Amino acid sequence: MKSKQQGHARLETMTRNTKQNKQDPGMDGEELTEQETALYDRQIRVWGADAQRRLSKSHILVCGMKGTVAEFCKNIVLAGVGSLTLVDDRVVTDEALFSSNFLIPPDENVYRGKTLAELCCDSLKDFNPMVRVSVEKGDVSGFDGEFFNKYDVVVVSCCSLATKKSVNEKCRKLSKHIAFYTVDCRDSSGEIFVDLRDHIYSKKKLEETVECKLQYPSFEEAISVPWTALPRRVSKLYFAMRVIEKFEAEGRHPGNISIADLPGVLKLKKELCEANSLNESHIPDALLERLVTGTREFPPVCAVIGGILGQEVIKAISGKGDPLKNFFFFDAVDGKGIIEDISISNPNK
Amino acid sequence: MASQNQLSSIKGAKVLMVGAGGIGCELLKTLALSGFQDIHIIDMDTIEVSNLNRQFLFRKSHVGQSKAKVARDAVLKFRPHISITPYHANVKDPEFNVDFFKQFNVVLNGLDNLDARRHVNRLCLAAEVPLVESGTTGFLGQVTVHVKGRTECYECQPKPAPKTYPVCTITSTPSKFVHCIVWAKDLLFTKLFGDKNQENDLNVRSTDATSSSEHVEDVFERRKDEDIEQYGRRIYDHVFGYNIEEALSNEETWKNRNRPKPIYSRDFLHDEIAQQNGNVDKDCAASDPSSVSAMASLGMKNPQDIWCLKENSRVFMEAFKLFFMKREKEIGNLTFDKDDQLAVEFVTAAANIRATSFGIPLHSLFEAKGIAGNIVHAVATTNAIIAGLIVIEAIKVLQNDTNNYRMTYCLEHPTRKMLLMPVEPFEANKSCYVCSESPLTLEINTHRAKLRDFVEKIVKAKLGMYFPLIMHGAALLYEVGDDLDEAMAANYAANLEKGLSELPSPVTSGTTVTVEDLKQELTCNINIKHREEFDEEKEPDGMLLSGWTQASSVEKDDNKPNGNGGSTSNASQAVPVEAEDNVEMDVPSGKKRRLSEISGHDLSSFTDETKNHEKLEVVDDDDDLVMLDGDPGLNKRKRMQ
Chain A
1 MKSKQQGHAR
11 LETMTRNTKQ
21 NKQDPGMDGE
31 ELTEQETALY
41 DRQIRVWGAD
51 AQRRLSKSHI
61 LVCGMKGTVA
71 EFCKNIVLAG
81 VGSLTLVDDR
91 VVTDEALFSS
101 NFLIPPDENV
111 YRGKTLAELC
121 CDSLKDFNPM
131 VRVSVEKGDV
141 SGFDGEFFNK
151 YDVVVVSCCS
161 LATKKSVNEK
171 CRKLSKHIAF
181 YTVDCRDSSG
191 EIFVDLRDHI
201 YSKKKLEETV
211 ECKLQYPSFE
221 EAISVPWTAL
231 PRRVSKLYFA
241 MRVIEKFEAE
251 GRHPGNISIA
261 DLPGVLKLKK
271 ELCEANSLNE
281 SHIPDALLER
291 LVTGTREFPP
301 VCAVIGGILG
311 QEVIKAISGK
321 GDPLKNFFFF
331 DAVDGKGIIE
341 DISISNPNK
Chain B
1 MASQNQLSSI
11 KGAKVLMVGA
21 GGIGCELLKT
31 LALSGFQDIH
41 IIDMDTIEVS
51 NLNRQFLFRK
61 SHVGQSKAKV
71 ARDAVLKFRP
81 HISITPYHAN
91 VKDPEFNVDF
101 FKQFNVVLNG
111 LDNLDARRHV
121 NRLCLAAEVP
131 LVESGTTGFL
141 GQVTVHVKGR
151 TECYECQPKP
161 APKTYPVCTI
171 TSTPSKFVHC
181 IVWAKDLLFT
191 KLFGDKNQEN
201 DLNVRSTDAT
211 SSSEHVEDVF
221 ERRKDEDIEQ
231 YGRRIYDHVF
241 GYNIEEALSN
251 EETWKNRNRP
261 KPIYSRDFLH
271 DEIAQQNGNV
281 DKDCAASDPS
291 SVSAMASLGM
301 KNPQDIWCLK
311 ENSRVFMEAF
321 KLFFMKREKE
331 IGNLTFDKDD
341 QLAVEFVTAA
351 ANIRATSFGI
361 PLHSLFEAKG
371 IAGNIVHAVA
381 TTNAIIAGLI
391 VIEAIKVLQN
401 DTNNYRMTYC
411 LEHPTRKMLL
421 MPVEPFEANK
431 SCYVCSESPL
441 TLEINTHRAK
451 LRDFVEKIVK
461 AKLGMYFPLI
471 MHGAALLYEV
481 GDDLDEAMAA
491 NYAANLEKGL
501 SELPSPVTSG
511 TTVTVEDLKQ
521 ELTCNINIKH
531 REEFDEEKEP
541 DGMLLSGWTQ
551 ASSVEKDDNK
561 PNGNGGSTSN
571 ASQAVPVEAE
581 DNVEMDVPSG
591 KKRRLSEISG
601 HDLSSFTDET
611 KNHEKLEVVD
621 DDDDLVMLDG
631 DPGLNKRKRM
641 Q
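Chains as they are written, first to last, in UniProt numbering: chain A, 1 to 349; chain B, 1 to 641.
Next comes chain A alone, as it looks inside the complex (with noise of 0.2 Å):
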């Protein structure tokens, strides 16, 4: 009992020391303050205080609130990132599109009225104090190359094929380096990819520090490769979302598809199939009837992909680790998190 009101106190004396830092300019930005030292003293062990402030500096968006970037931005604004700016501008109408999102309290006199981005920004906010959360009106379709440039990391969820194309383009011809990610969970399986174009990390091998480069492809160029040409064994999760991703391309808004689409995407997997000389057993029909069935996210996988995001997004802002290249699924099925790497000469074939 005694060491609580001791806890106490001493939090009550960091603050104040902390607003004295405030006050002067010299000591903002560079070094920790006591009570970022505090707050963070547990993940400053496993990444370091360098890691530390270069997460505090950066600023992320995300687009797309579902429960899987809930989760993630739950995480980033619990690791202190600099901002965090959120983009959604549907408007809650029921329950059904935010079941998974535990960021929007379930009472309309709360919700109605309000966007999906806005909702969570509110609950955001409270989490950590230290972290700027804001709201971006539009549609990130939209959005030019000047307004992904304010950003370090940039990411996008139930989006079209071509809406991840166009913004991953915008933001791969930028000179700053932007990190660019797409999420997405269907069912009990979710995936993630990445692109981080030319990246310098430091990693830890043995004792010593060493500096490792990544180069990557874009997005477009990743689901360009040739099926023929991909690595032998390549997650089934990595086709049937190639499918799935093609045929909502067609025509419709992205996650809007129900069983009665099954019979259009088992013919679009066959033409796939066959375009692509790969067996069509590579895409089992069982897997696609999941995923198409399966609208809404299963609240362990979004806790699972967003937390992988999560970890890699850190990863990519700390330059610490190494980073997932490019693709990662996740199967509650079977319980796999697998990493591949499709790429337009890959190594490994």
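By construction, these hints were calculated from the structure, which means they are not laboratory data. From a predicted model like this one, the values you see are computed outputs, not experimental measurements. One or more hints might be untrue.
[To be verified] Calculated pairs, DMTMM-like style, for lysine to aspartate or glutamate (alpha carbon to alpha carbon, straight line, at most 25 Å):
id	chain 1	residue 1	chain 2	residue 2
1	B	Lys60	A	Glu31
2	B	Lys11	A	Glu95
3	B	Lys176	B	Glu367
4	B	Lys224	B	Glu367
5	B	Lys196	B	Glu229
6	B	Lys301	A	Glu31
[Claimed, not checked] Here are a few chain A residues that sit away from chain B, every Cβ distance over 12 Å (derived from the structure):
id	residue
7	Asn101
8	Asn128
9	Pro226
10	Arg252
The beta carbon of each residue, even a glycine, is placed where N, CA and C say it ideally should be.
Given the structure of chain A, go ahead and fit chain B onto it with the hints provided.
This is chain B only, laid out in the frame that chain A set:
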């Protein structure tokens, strides 16, 4: 999304969560989102500032409040219609008995210590309730499923003992910074500010001097009318100067080692510094003792800075003085606490000065605090991932989907392209004393060892029983309980002080003692084997328990510095360790599991486990991970039928 079957088993389930910390917060959220409607949650802790970076249900304004209760309120905000029952209590409290456990369909652990995990494991076995167990450290984590009759129990594989160091390494030949920390914390700090009656190996005196009467004085006692500054310098010179000189005189020790150099206060602490530091009184006069800080009164701010020898010496002296000036009442009763700023400052400075002597690199207060407090690295993301995996397993358990149970490892570096690696659960260990109730063997000196030693070192420390009842044949030798009458209590108290062979029903070689814990519904038979001598360094308990593990004292040279007061083993029990420990892999050849790489983290306690594990092959090269060759599914039948 979950199938209809899944949904109905989720909705009808009553689940118990133990722990509302790092994993617990994430777990409660994910359970609620997944549709669970009747969740009970036990946690004895209150919220602290350093929790807030990952325990996202808590805010600064909640510091000091019950984790279980605040977590419930926070989750009800986004899932108002479910039932969450919080218990701000210790899971070991008697109210959480077997009947309590029986009401649940599954128990989910998000615990931070071995003791509580073992306790919950036993209650789950007794109540026949499936257990999903979990743990994280940094980017690593694991989830395991324990279902009686289907998979191994949590205790089927012996768990690593807390890392301990040989006494002589700590007292005479430190080679790592952690040795200096243990010395500063468990020896010096305890000697000066803790229980003076504890045995302590600190006072290194040449043996030939012990007879002379002038040495009867304890150098650590403050002399009559001695000025604090003087007293502090005397201690400084004694432990960093004189003791090192003494050690140097033993030439044999330094034949193959670098000779340490003695350090005296006169070299670093000048009188003018002492004057400067006179601001102590003004600064902290009014504030409460817990906010006393040597760094603050010396104007030092950054806990990440590595102080030079002079700075360490100043902090040492300042902290020493502050203890006597501001916290005198506590002296004699203090135990090291990682949240006690002044204690951390003192220990950091003392460890650094000792490290300087021995040519060991110095460390910042931040780092020293982590080592001294056994602070486990923790991030939100790993906890979130692990919580997701717990829920996935919990749903399988509820559906009785036995063939699909998995233990899953969350890795830092991919193995066979996997960051999340599912492995088939193992069968129960047939010689597990917990779930198979196999007898154990105890080698002990039945003449010299008292019943008390047996109760403390074996029954409590090794078997993890809290309400033991000890029988020899029909004779009841000892029991713990509130309802004992006076005569029985006196009888048991008398038994405790007797040697085993002198008990009313003598325990001698070849006999069997039965130990029961009624609260855990666990019974254990121990075959007694008399042995005359034990190696003090290797078998500090003076006894050796074996059975479900091969000789549990294979703790190699890493034995407990017994009798040095506090000692690392006690300390690490007192400090929550939010870690699970055994990230193991299995190999297709069937019988071997290997320890995976846990890069960047101290593997010491993990490797201890490997040494105890008969199936394990120890891998010293921690850059190596053994992989399954084919589809892991192929090995399935070998492990679980």
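- Message: Under the constraints set out in the numbered hints, which ones does this structure not fulfil?
- Response: 4, 7 and 8
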